[in-house]
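Q: One-letter residues, chain by chain:
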Amino acid sequence: EAQVTQNPRYLITVTGKKLTVTCSQNMNHEYMSWYRQDPGLGLRQIYYSMNVEVTDKGDVPEGYKVSRKEKRNFPLILESPSPNQTSLYFCASSFSNYNEQFFGPGTRLTVL
Amino acid sequence: QQQVKQSPQSLIVQKGGISIINCAYENTAFDYFPWYQQFPGKGPALLIAIRPDVSEKKEGRFTISFNKSAKQFSLHIMDSQPGDSATYFCAASGYNFNKFYFGSGTKLNVKP
Numbered sequence: 001e002a003q004v005t006q007n008p009r010y011l012i013t014v015t016g017k018k019l020t021v022t023c024s025q026n027m028n029h030e031y032m033s034w035y036r037q038d039p040g041l042g043l044r045q046i047y048y049s050m051n052v053e054v055t056d057k058g059d060v061p062e063g064y065k066v067s068r069k070e071k072r073n074f075p076l077i078l079e080s081p082s083p084n085q086t087s088l089y090f091c092a093s094s095f096s097n098y099n100e101q102f103f104g105p106g107t108r109l110t111v112l
Numbered sequence: 001q002q003q004v005k006q007s008p009q010s011l012i013v014q015k016g017g018i019s020i021i022n023c024a025y026e027n028t029a030f031d032y033f034p035w036y037q038q039f040p041g042k043g044p045a046l047l048i049a050i051r052p053d054v055s056e057k058k059e060g061r062f063t064i065s066f067n068k069s070a071k072q073f074s075l076h077i078m079d080s081q082p083g084d085s086a087t088y089f090c091a092a093s094g095y096n097f098n099k100f101y102f103g104s105g106t107k108l109n110v111k112p
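Top line first, the protein sequences correspond to chains G and R. Counted from 1, the first sequence has number 51 at position 51 by the working numbering; the numbering is strictly sequential. Counted from 1, the second sequence has number 77 at position 77 by the working numbering; the numbering is strictly sequential.
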């Protein structure tokens, strides 16, 4: 089954404790993105990757890191989480930024 | 600067009515305008998309109307059903862009 998986689905952590949210796709997509969803703000792109080893900042990259060492995986790293990073996070993949994006199920992160 | 502005924030429609959601964009270089549908607890999923070489695209009960000169596009849901109750996001990107921009979302409630 073609899908995007994210783990964990739910995470409660404390300020400053490094965490990683994993994302994996099995559709051989080149383009992968991370978004955060906040009420009234819609989805905002954090980082995107055009292909392996090619990543760039989206609109809200501060406090986040990513890497793309393999085509299928695109982890999101919060090295020192802060309460303003409490949000719903989505990973997405597609053949390009002008094709259909397939979204994962989301990760709800709470930073205390 | 917000690249895509969406309205209304919420919408209540009676079953069988027409739901209309509007979006306006800033950058005339955008050439890909999708609409995504999101149900509670799920990731967004592509509903319908349009490119600026046409003024309208219809798929079943869903129609995108596109006005290039006004830099606006809208989603029309004909014969709205309770199962259409969801949050809808417009978005914009294109061949000459790497980023992807979403609107702030419209929560649609179709009353039986």
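Any given hint could be a false lead.
Chain R stretches covered by chain G per the calculated footprint, using a threshold of three residues with CB under 8 Å from any CB of chain G [claimed, not checked]:
1. 13-19
2. 27-35
3. 97-110
What the hints contain is simulated information worked out from the structure, not anything from laboratory work. Glycine residues also receive a C-beta, built at the ideal position from the N, C-alpha and C atoms.
Q: Each hint: holds or not?
A: Status of the hints after comparison with the structure:
1. 13-19: Check failed, 0 qualifying residues.
2. 27-35: Per the Cβ count (3), the hint holds.
3. 97-110: holds (count 9)
In this structure, only the earlier hint numbered 1 is contradicted, and the remaining ones agree with it.
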